[in-house]
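S.K.: Sequence:
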Amino acid sequence: MRRFNFSDRHELAEMLMAEEIPPLEHNYAKGITHVLVEDDVIKGFFTLSGKVHSGYPYLMHFCTKRKYRTPKLARTLTSALVEAVRALGAKKFIINCPLGKNYLKRVIKYYFKTKPYENKSNHEFTLVEV
Numbered sequence: 001m002r003r004f005n006f007s008d009r010h011e012l013a014e015m016l017m018a019e020e021i022p023p024l025e026h027n028y029a030k031g032i033t034h035v036l037v038e039d040d041v042i043k044g045f046f047t048l049s050g051k052v053h054s055g056y057p058y059l060m061h062f063c064t065k066r067k068y069r070t071p072k073l074a075r076t077l078t079s080a081l082v083e084a085v086r087a088l089g090a091k092k093f094i095i096n097c098p099l100g101k102n103y104l105k106r107v108i109k110y111y112f113k114t115k116p117y118e119n120k121s122n123h124e125f126t127l128v129e130v
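Take the sequence shown: its position 5, counting from 1, is numbered 5 in our numbering, and each next residue is one higher.
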């Protein structure tokens, strides 16, 4: 894992567009973004908001390249996410999961063992502990 570099922007944008996330919602440069690189290939990334919402950090993006999407990759990225939240001094954070993103729903259910507290504007919001 490493922090976002400006040179990553095209590849991260392609990953988000493959998930049908429009360019206006690409916020990886505005938040705290960590990139998972293995064998010199970007396989995934996550972005935490630079601001807190309701007193908690907020997950803006959690994305993996489809061809590398495995349970092991999800665990690796999720573990790094938990460590990044802890480094902010938080014990909980909010996950915003767009409806239809079943792989992310499975990660939330399996790793955090919790369900969303709200559905709003085609998004599910889940408060999870780290």
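Hints may contain errors.
[Stated by the list, open to error] Straight-line alpha carbon distances no greater than 25 Å define the calculated DSS-like cross-link-like pairs of lysine-lysine that follow: (1) Lys120 <-> Lys43; (2) Lys72 <-> Lys109; (3) Lys72 <-> Lys43; (4) Lys91 <-> Lys115; (5) Lys105 <-> Lys120; (6) Lys105 <-> Lys115; (7) Lys65 <-> Lys91; (8) Lys120 <-> Lys30; (9) Lys30 <-> Lys92.
The hints are simulated quantities; they were obtained by calculation from the structure and are not laboratory data.
S.K.: Given the proposed pairing of Lys72 with Lys109, does the C-alpha separation stay at or below 25 Å?
M.R.: At roughly 15 Å apart (the allowed maximum being 25 Å), Lys109 and Lys72 satisfy the hint.
S.K.: When you check the alpha-carbon spacing of Lys30 and Lys92, does it fall within 25 Å?
M.R.: OK: Lys30 and Lys92 at ~21 Å, within 25 Å.
S.K.: Has the given pair, Lys65 with Lys91, been kept, meaning a C-alpha gap of at most 25 Å?
M.R.: Measuring from Cα to Cα gives roughly 28 Å; hence the hint is violated.
S.K.: Hint check: Lys105 vs Lys120, CA-CA at most 25 Å. Holds or violated?
M.R.: 15 Å, holds
S.K.: Would you check the hint for Lys120 and Lys43, treating anything up to 25 Å between C-alpha atoms as holding?
M.R.: Not satisfied, since the Cα-Cα distance of roughly 29 Å exceeds 25 Å.
S.K.: Does the alpha-carbon distance linking Lys72 and Lys43 stay inside the 25 Å limit?
M.R.: The hint holds at about 12 Å.
S.K.: When you check the alpha-carbon spacing of Lys120 and Lys30, does it fall within 25 Å?
M.R.: 23 Å, holds
S.K.: Is Lys105 close enough to Lys115, meaning Cα to Cα at most 25 Å?
M.R.: Measuring from Cα to Cα gives roughly 9 Å; hence the hint holds.
S.K.: Compare the distance between the alpha carbons of Lys91 and Lys115 with 25 Å, and conclude whether the hinted pair is satisfied.
M.R.: Within the cut-off at roughly 17 Å; holds.
When held up to the earlier numbered hints, the structure conflicts with 1, 7 and fits the remainder.
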